[in-house]
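Number of protein chains: 2
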Amino acid sequence: MYVNALPRYEILSDEAMSVLDGGWRRIVSELGVEFMLPESVELFRAAGQKVEGEKVFLDPDFVLEQVAKAPREFDLVARNPEKSVHIGGQHMVFGGVYGPPFVREGDVRRDGKMADFENFVKLAQSFPELDTPGGTIVEPEDRPLDSRHLDMVYALQTLSDKPYMGSVISAENARDTIAMTDIAVGGRTSPATISLINCNSPLRWDDRMLSACHEYNRAGEAVVMTPFLLMGAMSPVSVPATLVQQMAEALSGIALTQLVNPGCPVVFGSFLSNTDMKSGSPSFGTPESAIGLLCTGQIARHFGLPFRSGGGLNSSQTVDAQAAYEALMTMLPTFLAGANFVMHAAGWLEGGLVSSYEKFIVDIEILRMLKHEFQPLEVTEESLAFDAHQEVGSGGHFLGAAHTLIHFRDCFYRPLLSSTENFDRWSKNGGKDAVARASDIWRKTLDEYEQPPIGDDVRDTLRDYVARRRIELGDEPIPTPAF
Amino acid sequence: MYVNALPRYEILSDEAMSVLDGGWRRIVSELGVEFMLPESVELFRAAGQKVEGEKVFLDPDFVLEQVAKAPREFDLVARNPEKSVHIGGQHMVFGGVYGPPFVREGDVRRDGKMADFENFVKLAQSFPELDTPGGTIVEPEDRPLDSRHLDMVYALQTLSDKPYMGSVISAENARDTIAMTDIAVGGRTSPATISLINCNSPLRWDDRMLSACHEYNRAGEAVVMTPFLLMGAMSPVSVPATLVQQMAEALSGIALTQLVNPGCPVVFGSFLSNTDMKSGSPSFGTPESAIGLLCTGQIARHFGLPFRSGGGLNSSQTVDAQAAYEALMTMLPTFLAGANFVMHAAGWLEGGLVSSYEKFIVDIEILRMLKHEFQPLEVTEESLAFDAHQEVGSGGHFLGAAHTLIHFRDCFYRPLLSSTENFDRWSKNGGKDAVARASDIWRKTLDEYEQPPIGDDVRDTLRDYVARRRIELGDEPIPTPAF
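Sequence lines, in order, name chains A and E. For the first sequence, the working numbering gives the first residue as -6, with consecutive numbering after it. For the second sequence, the working numbering gives the first residue as -6, with consecutive numbering after it.
Please note that a few of the clues may not be correct.
Keeping only pairs whose Cα atoms sit at most 20 Å apart, straight-line, the calculated EDC-like set for lysine to aspartate or glutamate is [what the hints assert, rightly or not]: (1) E:48 / A:384; (2) A:271 / E:465; (3) E:271 / A:414; (4) E:425 / A:100; (5) E:271 / A:417; (6) E:425 / A:426; (7) E:437 / E:98; (8) A:76 / A:3; (9) A:271 / E:414; (10) E:421 / A:380; (11) A:48 / E:98; (12) E:48 / A:380; (13) A:271 / E:417; (14) A:364 / E:3; (15) E:364 / A:3; (16) E:425 / A:98.
Partial chain E-side listing against chain A, Cβ under 10 Å, derived [what the hints assert, rightly or not]: (17) 29; (18) 191; (19) 193; (20) 236; (21) 355; (22) 383; (23) 456.
Honestly, the hints are just simulated from the structure, not real lab data. The beta carbon of each residue, even a glycine, is placed where N, CA and C say it ideally should be.
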């Protein structure tokens, strides 16, 4: 489990925070927030909030009372206890890209298939830099929409032994996720799944996602209440205006979870970038999104909540220099802000439309570097290595110094993907750029993948569940692989 | 002039700083520092320091007394006063790559030529993100070594009207730089050049560079006293041990400048990365170098000195994803640390062996983004745009909101290089990746380059100087272009 013990980088003054605080209070009380699920509205009405149709006008202090019931930190357990993680505090948890319909493999861009989904779960299982494969790491377009979630959850459970994200399409899908989790991680006292509930921003929570959310809340499974904010489209073209909208949406959603089940685990979510006002397209890895990320961390801590933000976001069409600098332009602030739960940490390409095999490896390298970088520097007398200076003196070199010989194996970060070969050697070795090397790495990783052990009984019970539910949902039987 | 008014990111505790403080004191007093120029040693001896041959054992308090005479901040003037900059405080000044013998243009890697040098100066002049072309932006291998500096300084002076860096090969070269600067920027009361004096680390200052340094000090021109530290080769394999070595070297060098000419402008320099202990090659854009950079900023402020560090450093052989993430892995900490003078801010490739045209454009984009990002966020009632939220309400969109229509032109960063085109449009437009687009941009920039005005008399005087000195230095006459 990675703990980021370096300081947080904070750019909001107390005065700025107080202005933002006034802003969200005004939005929830004067403009209100829509909840498209009658059950949700009823919970607010019963708790004394003013309701007009689907719109709820919230007393900000009531919202904060509910928010205060949510845990500040919680464990997220895996079927392999060694892979359990902690959400909150100085902990940072990383998951794969979530949601793309397309795959990029080298120069080929195509529809995602179940085989790709399985490949990405295997890659996420193979790299310790990721704590979870995530959930919909790519949409398997070759599986029927109604029962696709069963195949995905089964693959997440059997090809990996890390925690995972559940289906949020409907209450029924959420119940399937929970039932399958009860089979694989029975008898748990902490959540074993963490699921993404997006706001239909601005200021509207969708009925299908809310119904899934309520299921997870009741079961004590974790949810991430996430305003979905592309400034200029779903929020105003102003970072502060977007931050107060994000507070209004996230806090109202979190308040709802605590009405459903006080004390259930929930994360303050953020997905905040901006529209390219010239092309009209979403834009990622932008300066504005980095600023928003830093502020979001500060805001979540202000309310004592763990938060989700960041990732290897970018708008690039290929795994080129743009993909890399945009990804790091988000990922480095992710560490500076200390995001507790980081979706899209590996594989995101083309504004999230594509799960890219090569980008996955680039992102793993970036994560490895940043986890190495964001470690406290131990400055002790011993670390000053005066003996080495004494040995080498002026004008010599340290390559053969005793201190170097003791420490050379683990003194510095060792890259996975990056090359420091000199030009001649690099040319002789084929002159492969970072994408070509990344391609070699993911193929080799899949070749060497080893499935984590799972009991035959557990696996068979899961298989039976998937087979039965697929037919109940009206889809043709498909043999469930005996992973 | 760019001012970075965001907070500095500091990771050293007071206790850590105190341990480091003890470390450099011990090095300068117990191990001493070598100064290979007799004149320098004599200055220390006359000031009461213990000398053994070329080695000077320094009283740390004496060092700090000298250091305290250096200005905390100073102006660096350009022949066009609008291009003058300020070194120190919250100011950050950026220059092009410095020193590569090779050029990369697309897929071609070749020796650098005078025509390349001129091209890079034109590019540096064209982009406001750079405050100075730097100095040896590429080595023009087609010019004789003895008189090459004349051609370079002449090109810097005539193809650009920004400040520039002088030659440091010898005292004679420094005198040429100063004489030519007197012609181009006569009557100045602040330095118009800033020159790089590297330490021959560990703990040795080289005679040729020192003799150039003394010339610049006496003329009141600025110097950057820079330990050259690739951990594992020129310093121990420990960041704290390297930091104290850097303090010992930089502070002893700065003390010398103040003995030569008390109050002369000087910058605390840092060039700190590590050896790849597997390949033995220098490695850039590493986690260790980022940590070193953050610490260096804190250390320089501790001594009240402006500091040089950072840049778009990387080890990559091509302008690929590695080149981009390594460059940003250094450049983002450069902003977090608030480096006052940033060499290698555009064009650096392949561990500094190559000046790359395409990487130059990638770096300009990175600089533009970071300068946009590192601006204080104004959080006011007005910035909350409550009217926009009132207008759009729940579930709508902000694309046509009045607030958006007023602000859409300048609300967000607008990219130079990055593309947000959707896949279909991007494919139709040729499917160009970042390198291909960067190639278009630098070529177009050179096509549209306009030379800054210079008086005929000044230019002719410079030409005459170059022609005369070239013959004095024993080289064949070459027509100096009438830029």
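Hint by hint, here is what the structure shows:
1. Of the supplied pair hints, the one linking residue 48 of chain E and residue 384 of chain A holds, its CA atoms being roughly 16 Å apart against a limit of 20 Å.
2. For the hint linking residue 271 of chain A to residue 465 of chain E, the alpha-carbon distance of about 57 Å lies beyond 20 Å, and the restraint is violated.
3. Restraint check: the Cα-Cα separation between residue 271 of chain E and residue 414 of chain A comes to about 10 Å, which is no more than 20 Å; the hinted pair holds.
4. Note on residue 425 of chain E and residue 100 of chain A: the hinted pairing holds, with a Cα-Cα distance of about 13 Å set against a maximum of 20 Å.
5. Straight-line distance between C-alpha atoms of residue 271 of chain E and residue 417 of chain A comes to about 17 Å, which keeps the hinted pair within the 20 Å bound.
6. Using a Cα cut-off of 20 Å, the hinted pair residue 425 of chain E and residue 426 of chain A holds, with the two alpha carbons roughly 17 Å apart.
7. For the given pair, residue 437 of chain E sits about 14 Å from residue 98 of chain E by alpha-carbon distance, which is consistent with the 20 Å threshold.
8. A distance of roughly 31 Å separates the Cα atoms of residue 76 of chain A and residue 3 of chain A; the hinted pair therefore is violated under the 20 Å criterion.
9. For the suggested pair residue 271 of chain A and residue 414 of chain E, the alpha carbons sit about 10 Å apart, so the restraint of at most 20 Å is met.
10. Distance check on the hinted pair: residue 421 of chain E and residue 380 of chain A sit about 63 Å apart at the alpha-carbon level, beyond 20 Å; violated.
11. Taking the CA atoms of residue 48 of chain A and residue 98 of chain E, the gap is about 60 Å. The hint is violated against a cut of 20 Å.
12. For the given pair, residue 48 of chain E sits about 19 Å from residue 380 of chain A by alpha-carbon distance, which is consistent with the 20 Å threshold.
13. Distance hint between residue 271 of chain A and residue 417 of chain E is fulfilled; the C-alpha atoms sit about 17 Å from each other, no more than 20 Å.
14. For the hint pairing residue 364 of chain A with residue 3 of chain E, the CA-to-CA distance comes to about 17 Å; that is within 20 Å, so the pair holds.
15. Straight-line distance between C-alpha atoms of residue 364 of chain E and residue 3 of chain A comes to about 17 Å, which keeps the hinted pair within the 20 Å bound.
16. A C-alpha spacing of about 18 Å is found between residue 425 of chain E and residue 98 of chain A, which places the hinted pair at or below 20 Å, so the restraint holds.
17. Given the 10 Å rule on beta carbons, the hint for residue 29 of chain E holds: about 9 Å separates it from the nearest Cβ of chain A.
18. At about 13 Å, the closest approach between the beta carbon of residue 191 of chain E and any beta carbon in chain A exceeds 10 Å, and the interface hint on this residue is violated.
19. Below 10 Å, beta-carbon pairs count as interface contacts, and residue 193 of chain E has one with chain A at about 6 Å; its hint therefore holds.
20. Restraint check, residue 236 of chain E versus chain A: the minimum CB separation of about 8 Å is within 10 Å; hint holds.
21. Proximity of residue 355 of chain E to chain A holds as hinted, the smallest CB-CB distance being about 5 Å (cut-off 10 Å).
22. With 10 Å as the threshold, the beta carbon of residue 383 of chain E comes within range of chain A, its nearest partner Cβ sitting at about 7 Å, so the hint holds.
23. For residue 456 of chain E, the interface hint is violated, the least distance from its beta-carbon to any beta-carbon of chain A being 37 Å, above 10 Å.
In terms of the numbered hints stated before, the structure departs from hints 2, 8, 10, 11, 18, 23, listed from lowest to highest.
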